[in-house]
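Please build the complete structure, drawing on both the sequences and the hints.
For the protein sequence lines, the chains are A and B, in the order given. Residue numbering for the first sequence follows the UniProt record's numbering, starting at 1 and increasing by one per position. Residue numbering for the second sequence follows the UniProt record's numbering, starting at 1 and increasing by one per position.
Just to be clear, a hint being listed does not mean it is correct.
In silico contact screen, one side only, chain A against chain B (beta carbon under 10 Å); selected entries [what the hints assert, rightly or not]:
no.: 1; residue: Q74
no.: 2; residue: L79
no.: 3; residue: A82
no.: 4; residue: S87
no.: 5; residue: R90
no.: 6; residue: L115
no.: 7; residue: L119
no.: 8; residue: Q133
no.: 9; residue: N139
no.: 10; residue: Y140
no.: 11; residue: D145
no.: 12; residue: F206
According to the in silico footprint, chain A covers these stretches of chain B (three or more CB under 8 Å from chain A) [what the hints assert, rightly or not]:
no.: 13; stretch: 82-90
no.: 14; stretch: 134-143
Treat the hints as calculated values from the structure; they're not laboratory data. For each residue, glycine too, the CB sits at the ideal point set by N, CA and C.
Number of protein chains: 2
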Amino acid sequence: MKIGVIGATGRTGQEIVKEAISRGHEVTAIVRSKDKAASLFGNQVTIIKQGALTLTHDDLSEFDEVVDAFASPQAYQHLDLASRLISAFRNDDTTNLFFILGASSLKQADGTMMLDTILKDNAGQPWIQTPVQQVHEYNYLQWIDNVNWTAISPQATFTPGPKTTYRIGKDEILLNKAGKSEVSTENLASALLDEIEQPKHLRQRFTVVDD
Amino acid sequence: MKIGVIGATGRTGQEIVKEAISRGHEVTAIVRSKDKAASLFGNQVTIIKQGALTLTHDDLSEFDEVVDAFASPQAYQHLDLASRLISAFRNDDTTNLFFILGASSLKQADGTMMLDTILKDNAGQPWIQTPVQQVHEYNYLQWIDNVNWTAISPQATFTPGPKTTYRIGKDEILLNKAGKSEVSTENLASALLDEIEQPKHLRQRFTVVDD
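See below:
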């Protein structure tokens, strides 16, 4: 499949690109720095240098799948890119948009949202805007019924790590065998590519945990 | 002030343009049809012919106030235009964005939202998407803290009518002296221009009823 990855040189984007290449997909890295992408992926991908927030339907319509792995310290840009992509693909069912959300919109064992705990424990921290905006992004996506989209959330701990095996869930925090809410970037990339190849969550968010 | 009105030839847009002209503002009509705008407003306004969903910061940054009076049978475009304008004006506090919402997000006497009643009484009607999307639009706006925006909702009945006197409120359905939730387009235009000239609702929605 033709897969475009926005933010391909980021921590998560890199693993998605590598996993997609290893499965024989035709991958395009959409990035701010051509040099970084070239040094990471060599000639295994096509590289497009373009700011995420300037992308249009024309730039992206060639792809079967557009993965939004964009990350920005201006947290509101996560919401802005999501709405830009959704608006561009209204009533176009030839491309699926795949959004990588945070874990903050997942439900905890007591039924509250992880964001509630984050806000309580970290009020005033500058990074708090990222989980806040990612919850907005998920709320926004749930309004969208005429675009093909899918979203994936990692777990509370989301760190570089090897591909092992994984389990998926829907809206709840999940625990690995050690009782931790944890998923590796490689397992998330693997779950994301499995979903791209065999879609089961059209217009839904799902989550993934290390097995 | 320099005021740009998107959807200036629509039912509400027309009244806003006329009210703004009568108060001596420098008005630009941003429209799909130059002819219709010229026949309505003569040479009293500058006319820009451009699709609302292609507008950029460069197109609009000259204005002190951008009024979104856009209406579309594709109801999701209300949300798309709002997110497009917000994204364009992030961290720009030289322009205020003024959104005209529906009444569907107002609260009824029993505390429920007007949309709840609309959905119950009109399930399956094709026009139901308009109040649904306007509620999304208001929910979306409430997430936005780094753009100057204001929103106004009419009442349940919103029809052409003369400028008389009006009262304003915040989130509740209001009643006129006859006990009706009703506001004329001219009174809404008058309330909107009063707010532009003396802002009291930065990053808030307010509502207006015939007195």
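Evaluation of the provided hints:
no. : hint    : verdict
1   : Q74     : 8 Å, holds
2   : L79     : 7 Å, holds
3   : A82     : 9 Å, holds
4   : S87     : 4 Å, holds
5   : R90     : 6 Å, holds
6   : L115    : 13 Å, violated
7   : L119    : 14 Å, violated
8   : Q133    : 8 Å, holds
9   : N139    : 7 Å, holds
10  : Y140    : 7 Å, holds
11  : D145    : 8 Å, holds
12  : F206    : 23 Å, violated
13  : 82-90   : holds (count 5)
14  : 134-143 : holds (count 4)
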